[in-house]
Amino acid sequence: MRESVNRPALRIALIYAAAASLWILTSDWLLFGLLSPGEQVSKITLSSVLKGLLFVAVTSVALYALVRASIHRIYRAESRMHLLFSSINDSIFLFQMTEEGLPGPFLDANESAVRETGYSHDALMRLTPADLVPPRERPTTLKALERLWREGDAVFETVLVRRNGEEIPVEICARTERIGGELVCLAIARDLTERRREEQERQQAFKQAERDKRQFYRETILAVTGGHFMLGEEDEAPEWLAGAEFSARLPGPEHLSRVRHQAMDYCRRRGLTGERLERFELAVGEALANAVKHAGGGFLYAGADDHSVWVAVVDHGKGMDTFTIPRIALVPGFTTKASMGLGFTIMLDSADLLRLATGTEGTTVWLQKSLEEKSAPKPAEAVAV
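Counted the way my numbering counts, the sequence shown spans residues 293 to 677.
No false leads were mixed into what you were given.
Okay, derived cross-link-like pairs now, SDA-like style, lysine to any residue, Cα gap no bigger than 20 Å in a straight line:
id, residue 1, residue 2
1, K610, G588
2, K505, T517
3, K610, G589
4, K585, L548
5, K435, A422
Just the calculated beta-carbon pair ranges, DEER-fashion:
id, residue 1, residue 2, range
6, Q492, G410, 21 to 27 Å
7, G393, E531, 50 to 56 Å
8, G410, A515, 57 to 63 Å
9, E459, L358, 48 to 54 Å
No lab work stands behind these hints: they were computed from the structure.
Yeah, the Cβ is synthetic: ideal placement off N, Cα and C, and Gly gets one too.
Let's have the full structure, built from the sequences with the hints guiding it.
What follows is the structure in structure tokens.
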């Protein structure tokens, strides 16, 4: 910038110096050669005045033409810059930065910045970037500006506050440059409101699709298992544990047998005996083994009513893949790396009702066994999906 400003001025000065030197060196020599000795003394003064006036006139015209051309180029460049500056939809701010890296007052802003902030251009010029950021965001924004001062450019997200108090999430792309000895920052602020809204809509659409898919799985699985397997939502699982009368922690595989026996002792005390107790123990053992294999352990809860007992195994692992649940539950022997050994076929065959809730926070397997054999027959075999 400094070089582009100095070059025209230096060129004008050099032209003026060269023309003056040439005129001084040659004009007197020409005069003395044209005038006779008698005329030299009387006419030299008048000639010097006339040639001086002529020199001033010629150089003035030359300087005028050069300066006019330079100013015309500056105006033209300024007009192009103004067009570019005002046509961009993003907000553009120009402000000083101190030698300590702190933001100074605004130097200029485009029409989009004036429109987005709600301030007039003059009012905006009396503010600093910190005045447009809410207090909670200032420490983070100042750290980003410090990085900008140190590295010369930065991209970061923050929040701008309009004059009416409304907040706008923005992405800042900034760069610094020294102009006339001052450190100046050019910052472009892009409104992220629309992008955030679209992201939120995509997330909501994804969650709705997941809910619809799980609802389809739930209804399908419930139908093909004759009402013996219910797929629930992750936030429903705590309701299943209400009324638990027994609980035990399963810290690792070495405690699996002890916890299973404690659970069966509770079921026996609540009236489940004989072959029904033995078959239910198989289902509970599979659920406990699953928690150990895939989450390193978990918790067991048990409860009962007048007609049945229930046992729930809760772990805090990574959960199960929703796409594989129908096959895991309904295809005998189906395994994957993520599902190997789940034993859902055994659990379905050994319990009267199985509830499953799984998600990123873990998995809950809820098993119920009636104290007496029900008259309604269970499906003879699992149905593949």
